[in-house]
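Visitor: Go ahead and model the full structure; you've got the sequences and the hints to work with.
So in the numbering used here, spot 173 of the sequence shown is number 173, and the numbers just go up one at a time.
Hints in this document: simulated from the structure, not taken from any laboratory.
Honestly, I wouldn't trust all of these hints.
Unchecked claim - Quick list of in silico lysine-lysine cross-link-like pairs, DSSO-like style, CA-CA up to 30 Å: (1) K182 / K141; (2) K255 / K141; (3) K141 / K121; (4) K121 / K191; (5) K121 / K3; (6) K187 / K28.
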Amino acid sequence: MTKQYTIAVIGATSLVGETLIELLAERKFPISQLYALAPVAFEDDEVEFGRRTLEIQDIAGFDFTEAEIAFCVDAQLTAQYGEEAAQAGCVVIDLSGYFNGREGVPLLIPEVNPDRISEYKNHNIIVSPLGTTVQALLALKPLDDVARIQRINITSYQAVSGSGRLGIDELAGQTAQLLNAKPIDTKLYPKQIAFNVLPQINALQDNGYTVDENRFIQEMRSLLANSNLGVNPTFVRVPVFFGDALALHIETERKVTAEQAYEVLQLAAGITVMDTLEDGGYPTPVTEAANEDTVFIGRIREDYSHPCGLDLWVVADTVRRGTALNGIQIAELLVQNA
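Guide: Take a look at the structure:
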């Protein structure tokens, strides 16, 4: 009989939390008991788990010795309870990034570096990278394996779902206000997001990059095991509800033709290549990626400005594929190696 596990979701009422619980049911993860945890203010809420409805439990009174695996999807709650959960014996899978960079804590994408899974034993903690990092690396790791990437130049166009429900509400509210000739309310973002693009995701830092852009640089170097990797990111918030897009330019040690890249990527796990030389022969965040569990790649072409340059267009639902699903795949890898 397959062993079943007791699971806690810290931040179950968040957009990522609800998506994660939905995916646990869809993928039939072996669960004997699932605890949906949130602050007391959400205690009367419920979440759907397959055909069942789970009541939200107050996280403040939860005994973490009751759970074997704890998914942490909210940075503030992870800061409060993540260490407590780990010390109580839970394997903490941190989707919030709070523990990112801690000595001895592995950063993990199962399709990229599954061999690091055993390092969780150092602190009982595993960190799942930014959803954008997952999205980019599922596309880039197969190419790095065959031609060693030297430089990555990336522009990431990110949906408001990356900001949770507040982002969705702000875009929906501003769109309705503008279409009805009313003044807009701007609460979450520093400027209007409806019918606009904002070249800032998270706080700006002293080097001119944002928190997320700096984190992306560090994660790419770590996961590709290349401390000298050149990474130049620009993250842009766009008025799309779900689904992110990446315009990727890479430079490799040796030339990879567009045809060779196409063949390599078609064989890679977690990827769907959609690339035909016709109008619409490429994937988009809304039409293809939203609510899907794969990363779509199109517009594969050689960069004529660089002898070993290659360009890719990569789309994915980073709430679902980049964040929630990567966390579950970490847990699946964990139980396979138990």
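Visitor: Each hint should be assessed against the structure and marked as holding or not.
Guide: Here is how each hint holds up against the structure:
Proposed proximity of K182 and K141 is contradicted: the alpha carbons are some 47 Å apart, above 30 Å. Restraint check for K255 and K141: satisfied, since their Cα atoms lie roughly 16 Å apart, inside the 30 Å limit. Restraint check for K141 and K121: the C-alpha separation of about 26 Å stays at or below 30 Å, so the hint holds. Proposed proximity of K121 and K191 is contradicted: the alpha carbons are some 44 Å apart, above 30 Å.
Between K121 and K3, the direct Cα distance comes to roughly 20 Å. Compliance with the 30 Å bound is thereby established for this hinted pair. Distance hint between K187 and K28 is unfulfilled; the C-alpha atoms sit about 39 Å from each other, more than 30 Å.
In terms of the numbered hints stated before, the structure departs from hints 1, 4 and 6, listed from lowest to highest.
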